[in-house]
Amino acid sequence: MKYALRGLLLPLLTGCHTGQELATPDGAAGGVTVRFEAAASTSTPLGTARVTADDMQLGTVVGFRFEQGRLREIAASEATFTGSSRTFHLRARSGSIYFVANPPAKVFEEMQPDVTTLEEFLAAEAPTAAMTADGLTMTGSAELSAAERTLTVALTRSVARLDLASTDAGVEVHSVVLRGAADQGYVNGRSDVTTPPTASTTEFRREYGDTPLVNGRETLLYLAEQSEAALTAEVVVRFGGGWHRMEAALPAEIRRNTTYTLQVRGQGSELRVEIEADGWLTGDSVESRPDLRGLIDLEASELPDGVRVNELRDTVRIAHAENRFRLVLLAEPDSELRIEGHIDGVTATPEELTRGVERVAAVSVEKRLFMPGQGEGYLCLDLLRGNLRSGRVVLIFEENPIRMRGQITFDSEGVCDFDRYIDGELATLSLPEGAEARLEFDADEALWMKLEPAQDEYRLLGGWKPNDPKADGRVQEARLIVDLNDGSPEERYTIRRRNWGLPVVEIGRNWWCKYNLRGNVKRFEEQVTIQEDPATEAELADFLAACDNEQLLALMGEQYQGGNPDGLPLRHNGEAFYHEGMQETAGNFGTLDPTAMAPDGYRIPDHADYGYFSANDNFNLGGIGERPFWNRTQDRVWVRIIEREAEFLGATYGTVTLYEFTDGTNHWVLYGLGHQWNTTPGNIARMNLLMATWGNSGKTWSMEGYAQSDRPNQNWLKYVSQNATKTRSIRCIKTPVEYIYD
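If you count by our numbering, then the sequence shown holds residues 386 to 1127, one letter each, in order.
A few of these clues could be false.
[Stated by the list, open to error] List of simulated lysine to any residue pairs, SDA-like, C-alpha gap at most 20 Å:
{"hint": "1", "residue 1": "Lys1111", "residue 2": "Ala1070"}
{"hint": "2", "residue 1": "Lys491", "residue 2": "Ala515"}
{"hint": "3", "residue 1": "Lys835", "residue 2": "Pro1121"}
{"hint": "4", "residue 1": "Lys907", "residue 2": "Ala1070"}
Hints listed in this document are in silico derivations from the structure and should not be mistaken for laboratory results.
Assemble the whole structure, with the sequences as input and the hints as a guide.
Here it is as C-alpha cells:
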C-alpha cells in the first residue's frame, strides 16, 4: 500500500507555522517505536497488505505528549515507515502520549507546547468531512516509560459508518435520504457520547437512477459521533410490483468506530427497514455477517389488546394508548439480551436471562398514553452471541392518531400549561374518521376556548374578553376530550393559561389601551390593571385633570427606549427632571417586532392606527376646548383639549395637556410626560409626546403640544422623523382576536 504524509504536518515540518514547536531527533531522549492496531480487532495490525479498504488506511500519525495536564511536545513519525509501525523521537519518555492518525486539516495548528492543556486538546472538534478527507481520522493513547522503547496502541476511528444493505430477492433501492446528521464531532473519544454545541445538522441524499441497489451492500457515508440525535432515513423502494417510501429512525446515540447498517428487507408481502449496529470490523467494508432472527414465543408472552405481533413473530406494533405487556423471546443458546433505543414514556425491563434453546429472554414493557404530536417510536430487542447479533425483535410504538399542530404541547400527564396569557389559534386538530372532540369547563369558568370546525379538522381558539374583571392573572383551565369511538376510553387533555388583561376602549376599529405602559412591558402586574382602573372611559379625561399629582404621575406611565423592556421612571436630582436609565443608543421601535415591547396579546400601534385621530400627517387639533373634525378615513371625530399644572417629586413640572378623542359614545384620552431627547438631565420636551410607532425605521407619531398661554391654539399631531435615542411613551392596542367571549 502506498502512503503519503498528510497536509496537517507540512507547516510543522517546513517551519512555516510559528508558535508551535516540533520535536526533532537532536538532543532527543531516544526513539519510541509504536505498533498501531485497530481497536475493533486488536489481532489485526493496521497498514498490513490484507487490509485494502479506504477506512483502514494509516497515513500521517502525530503524537502529542502531555505531562501534568499540559502539552510538552508534538512529535511526527519519521517520514519513512513500514506497515503499521511508526517511530517517534521524544525529548522525554514520560507522561502520556496521544496519537492522531490521518489528522483533520487545521484542527491542531493552534496547539502549543507548555500552553495547550489536555482538556483543550481533548475538546478539539472537526467537521465530519475533514475527518474523512484523507483517510479516516483515528486516535489512541499510551503511558510512556523511560524503560520502554516499543509500544502497542489501539486506534479508534473518530467517526461511525453507515452502510446500506438490500440482499432479499425482488427488493430494489432507488434512493436514500438521511436527515438530522451532525456535521461536526469531537476528534478524540470522550467518556460520554456528546455532540459539540457548534454542530449543525445536514441532509445526505443518494439517488440510484437507472441502476438501483439490488442484492448488494455499500457504504453510504460517515457520521460524526453524536448524542440526542434525531437522525431519520427515508428509503424509496420498488418491491412486489409497487413503489414504497419508508422511514427508519437511527439510534439517538451514534458512537464512533461503529458500523450502522440500513437493512432493507422484503419477504412475502412484507417490506421493512431495520437499523443494525455492530463494532467496526477490520477488512472490507461490505463483508457479510450472520442474520439469524429472534422470534416471539406467543404462548408464553402476555399480549393484551393494542399489542399486535406480525406473522414472522419478529415485529410488534403497540397502539398509542396506555398499556402493559410482556414478551418472551426464543433464540439460540448462550444468547444475551440488549435493548436499543429510548422513547419517552416507555419503560422496557429485561427479566433475568434463562439459558437454553427456548425462552431465553423476557421483557416487561410499560407505556403511558402517547400524547398528540408524539411521533412513532422504535425499540429493538437484540439477542447477542458474543459480538454477533443472533436475533432481533422490533417494537413499533404507534403515534397518537390525533394529529395536532400549533402552540399546544402536552407533557407526560396530558397537560399544556402556558403559564402566561395567550389567545388566537392555539392549534389545529385532525381526528380519525368517526372520532369526536369537545371542550369541557368548570361550572364557574368562562368559555375562554372554542373548537371551530374547518373543513376536515378543528381549530382550537383561545378567546379574549374586553375589560374582564377576572383578568387578574388567575389560571383559566379547559379540558379537551376526544372520543375515538373505537371502544377505547375517552382521552382527556388539560389546557391552562393565565387570564390577564388591560383596560381598553374600542375606537378607530381597534381596542386601544386606556393607559400608557409602565414598569416592565411584559409584566401585566406592573401596569394599570382592569381592577385598578380609577375611571370609566367617559370620565377619564376629567379625572386626570382633577386628581392629585401623585396619582397623576402613577397614571402617566413611563418612558421607554426600543429593545429595553424596563420603563425609565421620572426622577429629579434637585435641579432638573430626567428619566432614569436612559442610554445614548437604543433599538428602533419602527423595526422591532411590534409585540416585543408590549404585554402578551397586545402590540405597538402603526401609522394607520394613530392616523385615525388625525386628518393627515401634520394636523393641528387646535387649542383648549372641544371641536369636531373629519379624520383621514372620513369619520367624524371630536377632540377635547384640557390643560393642567403638574408638580412631580416635589418640583414643578409645568403644564401638561390631555387630549380626549370621542367617536360616537367611545372616549379615548392621549397624554404623557413628553420625551427626553438625550441623557442630559433637564433635556425633556415636556409637551412633545413621542409615541412608540411600528412600521417605519425613521418616522414616529408625536403630539407637538404648546400651552395656550405660550402658543395659542397650537397642538399638532404629526408623523415625522425622530431618532431612535429619544424616549417614547407606549400606548398599546389589542392584537386582533377571532373569538371574543362574554
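- Message: Hint by hint, where does the structure go against what was stated? Just the numbers, ascending.
- Response: 4
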